[in-house]
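Residue numbers (the working numbering), protein chains in the order written: chain R, 1 to 272; chain F, 1 to 341.
Heads up, none of these hints are tricks.
Cβ-to-Cβ under 7 Å is the rule here; a few derived chain F residues that face chain R:
| id | residue |
| --- | --- |
| 1 | S61 |
| 2 | Q81 |
| 3 | R86 |
| 4 | R87 |
| 5 | L91 |
| 6 | S97 |
| 7 | D99 |
| 8 | L102 |
| 9 | E106 |
| 10 | R113 |
| 11 | L114 |
| 12 | P142 |
These are computed hints drawn from the structure, not numbers from a lab.
Cβ coordinates follow ideal geometry from the N, Cα and C atoms, glycine included.
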Amino acid sequence: MSATVTSPDHRSDPRITLRAHLRHTGALVRRNLLWIRQDPESMFDVLLMPVVFTLLFVYVFGGSIGQALGGGQHRYVQYVIPGMLAMMSMTLSQGVGTGFSQDFNSGVMDRFRSLPIGRGSVLVAKIAVELGRMLFATAVLMVVAVLVGFDIGNWPGLLATVGLSAVFASSVMWVFLTLGVVLKNAQSVQAMGFLVLFPLQFGSSIFAPPNSMPGWLRHFTDYNPLSTLANTARGLMTGGPVAHDLWMTLGWSAAITAVTAPVAIHKFRTKT
Amino acid sequence: MTRMDDESGGAGSAVTVRGLAKHYGGTRALDGVDLDVREGTVMGVLGPNGAGKTTLVRILSTLLAPDAGRATVAGYDVVRQPRQLRRVIGLTGQYASVDEKLPGWENLYMIGRLLDLSRRDARARADELLERFSLTEAARRPASTYSGGMRRRLDLAASMIGRPAVLYLDEPTTGLDPRTRNEVWDEVKAMVGDGVTVLLTTQYMEEAERLASELTVIDRGRVVAGGRIEELKARVGGRALRVRPADPAELRPLAAMLDELGITGLATAAVDPVDGSLAVPVLSDEQLTAVVGAVTARGITIASITTELPSLDEVFLSLTGHRASAPQDARPAGTREEVAV
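So that you can see chain R by itself, here it is in the shape it has in the complex (with noise of 0.2 Å):
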C-alpha cells in the first residue's frame, strides 16, 4: 500500500486510517456473513468435507499404513489427523477465489470500488470470513477424529495447530484471490485450485509417511508446505520435533503472502 502513499498523484488524497479500514471490513464481513444465513448450503463442504476424508483415509488406508508406521488403524489415527487439518487449510482457501468472481461478473463489485474505501478491504474481508469457515471446519474434524479414535494429548499443541494452519491458509488464500480476480469466471478458479492442489496434497507426507517414495519425490515432499505444516501439526498434537518444519511453514507463509498479496490487490485495484 505504500506505494500508492509515496506516489505523487496521491499526495493531495487524505490516507484512510485503521479504524475506518476495520469498519469497512467489519461492514463486508457482516456481508458475506448474512451470505451464509440465506444459502446454508454453502456450509455443507465446511461441514462433511471432515467426515467423509477422515473416515474415508481411516478405514480405507487406516489398517495397512498403520500396519506399514508399526502400529494398526490407531496408530494411522494419530498420524492423519494432524494431516487432515493441513490439508484443509488449503481445500478451504479455494472458496475465497470462487466467490470472488462471483462477485465480479456482479456490478456490486463496481460499486464497491466506487466508494471512499480501501480496496483492500474487500480482499481482507474475503479472507477472514474463509477463516471462520476453516476455523468451523476444524472443529468438525476434531469431533470426527475423536470419534475415531483420535487421542488429543496436548490442547496447548492443538490450540497452536489451528493457528498455524490459519496463518498458512491466509497465505494461501492470496493465491486464490489473485487467481480470482484474473481468471474469467467461477469454473476456471476451480479448475485451475484442483490442478495445484492435487499434487501438493498427495505429494505430501498428510496421508502417508514419504519414506518409501522415490528420491525425487522425496525432494518435492520435503520442501512441499503442505508437508511441512502437517509434519509441525503432528510435533504439536502428538508429540516429536517441530522447529524445523515450524520455521518452513511460517516462511512459506511469508513468502507466499509477500509475492501474492500485492499482486491480488494491484490486479484488483486496476481491473476494468
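Starting from the known structure of chain R, arrange chain F on it as the hints suggest.
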C-alpha cells in the same frame, strides 16, 4: 455553448471534462471529449451502444483511468483525488449494482457503513431511503426476489446514501418495461428536485427529453452535438405525425394528397404498409395544424392520430448525417401522445 472560463468550466460547474480520451487497443472509446455539467442540472449524454457513454461514466467514477485529458467532479480531480471524489458521487449502473443475496435493508446499511456513517446513522439512513423509495415492505427480503423496478429503485437508494453532490445514471431504464421506466423517471425527478447534479447516459431521446435540460450527443467517442434540449430538437426537426386510417387502402391516396397540398417546408410522408400508418415529419405547430386539418377535411375514418418524438436514429441522422453506428433494439420511436382530432 458559452463557457465562463474554458479551463475550469466556470464557477457553477459540477463536472468538467476536457479532452478526455481512452483507448482500448486500436479502438477509441473516448476521443477527446469536452463536457460541462452545471450544478443542480441534469445533463443527458445521448448516444448508441458503443458510443463511449459507459467509458465516460466509469472514468468519472474512478473505475477507469483516462489515457489523456482531465476531468474534475465537484472540484476533485479523477486521477489525483480519487478518494475525495468517491465521497461526493453516486453511481447507478446499467446493471443493478446491489448485492442480490442481501435483503434491501442490509444492502443500504452496508453501504452506509462503508461510507463511514455510525451504526445508528447507517440504520436510520437505510430506513429513511427504503421508505422514500417505497421499499419498506420488501426491506427484509433478499434483493434477488425483487422485481426489475424494485431492484433499480434499491440501486438508486444505494447511490443516495452518501448524499452525493453528483449522481451518475448510466442507462438507468435500459431493459425496463414502460411502466417501471416511468417509476424510475419519477424518482430521478424527485432527486433532482433535491438539488443533486445528474449526469444521465441514455439511448433514448424520450428519456433525455423527460429528465435532462441539456444534452450532449456522442458518437464513436466524440461529441457530435450539444446544447439545450429545445435547441437540439429544433435542429433535429421536432416530431412526426403518425396517421392511421381505418381503411388501409386510404394510405397511399392520403400520402399523395398531403404531397400535393404544398404545405410550406413539409417533408414527404412515409407510408408504413405493415403498420397501416403514415408518418409525416412536422417542424412546427403550424405544419402540425395544417396536416391534421387536411386529413380531417378529407372525410375518411381515422383510427388514430399520434405525434412521435424523433428516435435516436433520427436524431443521429439529422445531427451527424449518418445512422447510429450500432444496431438499435426494436423499441418503437418515442412515446405517442394522443392528439385531439
